[in-house]
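Those sequence lines, one after another, are chains A and B.
Everything in the first sequence is counted per our numbering, starting at 11 for the first residue and increasing by one.
Everything in the second sequence is counted per our numbering, starting at 11 for the first residue and increasing by one.
Just so you know, the hints here were simulated from the structure itself, not pulled from any lab data.
Just to be clear, a hint being listed does not mean it is correct.
Any copy will do: because identical chains look the same in the list, a pair fits if it lies in one copy or spans two.
Claimed, not checked - Okay, derived cross-link-like pairs now, SDA-like style, lysine to any residue, Cα gap no bigger than 20 angstroms in a straight line:
id : residue 1 : residue 2
1  : 69        : 29
2  : 69        : 26
3  : 66        : 29
4  : 69        : 82
5  : 69        : 30
All figures in this text were calculated on a predicted structure; none of them were measured in a lab.
2 protein chains.
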Amino acid sequence: MLVTTKDSTQIWAGFRALSDPLRIQIIELLRSQELCVCELCEQLEVSQSKLSFHLKNLKEANLVYSRQQGRWMYYRLNLTQFVTLEQYLAEYRRFSEIIPAKACN
Amino acid sequence: MLVTTKDSTQIWAGFRALSDPLRIQIIELLRSQELCVCELCEQLEVSQSKLSFHLKNLKEANLVYSRQQGRWMYYRLNLTQFVTLEQYLAEYRRFSEIIPAKACN
DNA sequence: CAAACCAATCAACTTTTTTTGATGTATCAA
DNA sequence: TTGATACATCAAAAAAAGTTGATTGGTTTG
Numbered sequence: 011m012l013v014t015t016k017d018s019t020q021i022w023a024g025f026r027a028l029s030d031p032l033r034i035q036i037i038e039l040l041r042s043q044e045l046c047v048c049e050l051c052e053q054l055e056v057s058q059s060k061l062s063f064h065l066k067n068l069k070e071a072n073l074v075y076s077r078q079q080g081r082w083m084y085y086r087l088n089l090t091q092f093v094t095l096e097q098y099l100a101e102y103r104r105f106s107e108i109i110p111a112k113a114c115n
Numbered sequence: 011m012l013v014t015t016k017d018s019t020q021i022w023a024g025f026r027a028l029s030d031p032l033r034i035q036i037i038e039l040l041r042s043q044e045l046c047v048c049e050l051c052e053q054l055e056v057s058q059s060k061l062s063f064h065l066k067n068l069k070e071a072n073l074v075y076s077r078q079q080g081r082w083m084y085y086r087l088n089l090t091q092f093v094t095l096e097q098y099l100a101e102y103r104r105f106s107e108i109i110p111a112k113a114c115n
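Could you build the full structure based on these sequences and the hints that come with them?
Okay, here's the thing in structure tokens:
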């Protein structure tokens with residue numbers, strides 16, 4: 011079963027968002043609780059604009075949600091997307107009979 | 011439980027390798043069977059050097075093995091690494107009680 | 001209203017990744 | 001041994017991603 015182009019895009023875009031050390035740190039902080047940008051800034055000791063860049067990145071990959079409250083912006087994980095990626099990887103384990111190549115030529 | 015820096019590197023490096031459409035296509039072809047470079051070239055319609063670049067990329071992330079036979083080089087998936095990444099993602103689902111943020115200030 | 005605050009965005013710059021075409025190396029076949 | 005094949009590697013160019021500092025927009029506070 012081949013994934014469609016559209017699904018594939020979702021997939022590698024998701025992995026791309028996870029392919030940066032700072033973004034991994036961000037989601038690990040969000041794993042236990044929703045946090046506002048200022049708190050992430052403090053804990054990760056990075057500039058606000060840098061953080062904004064990476065949060066946008068995570069958001070565009072559907073890995074986080076955000077909600078505004080007053081002048082604060084709170085971010086939290088979108089677990090659904092994590093499950094999607096997890097299941098994509100799980101497919102590899104499912105049909106794990108990998109046939110050795112026939113000799114080439 | 012926080013992952014160590016070393017583990018984290020393994021993780022985002024793994025995701026980084028999966029963050030490219032061509033590399034996703036490659037692993038999807040390898041999902042059912044080991045293939046040689048020339049066959050991947052044909053099926054994906056990309057240049058050989060381009061393919062080599064991406065295969066190296068996958069290999070450095072431990073997502074594939076390779077073995078040489080005569081003048082052919084055969085690539086196959088390293089499912090162990092897929093499982094590692096899958097389990098990393100699964101951790102997010104496991105403790106999915108995400109506490110809403112306390113009001114900031 | 002004005003000032004303070006939080007966070008997004010922008011432009012300029014730096015760094016990393018990817019592509020391309022050429023070259024190198026090893027293997028095999030004639 | 002010569003030529004062909006399969007693949008890796010390299011250097012240069014192109015494209016994409018990330019960083020930085022400044023600015024902007026929206027919200028609250030005084």
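Status of each hint after checking the structure:
1. For the homomeric pair residue 69 and residue 29, the shortest alpha-carbon distances inside one copy (14 angstroms) and between copies (16 angstroms) are both at most 20 angstroms.
2. In this homomeric assembly, residue 69 and residue 26 come within 20 angstroms of each other (Cα to Cα) both inside a single copy, at 12 angstroms, and across copies, at 17 angstroms.
3. Taking CA atoms no more than 20 angstroms apart as the test, residue 66 paired with residue 29 passes in both settings, with 14 angstroms inside one copy and 17 angstroms between copies.
4. When the C-alpha separation of residue 69 and residue 82 is checked against a cutoff of 20 angstroms, the pair qualifies only within one copy, where the shortest distance is 16 angstroms, while the shortest distance between copies is 43 angstroms.
5. Both within a single protomer and between protomers do residue 69 and residue 30 lie at most 20 angstroms apart by alpha-carbon distance, with minima of 14 angstroms and 18 angstroms respectively.
The structure meets every hint from the earlier list without exception.
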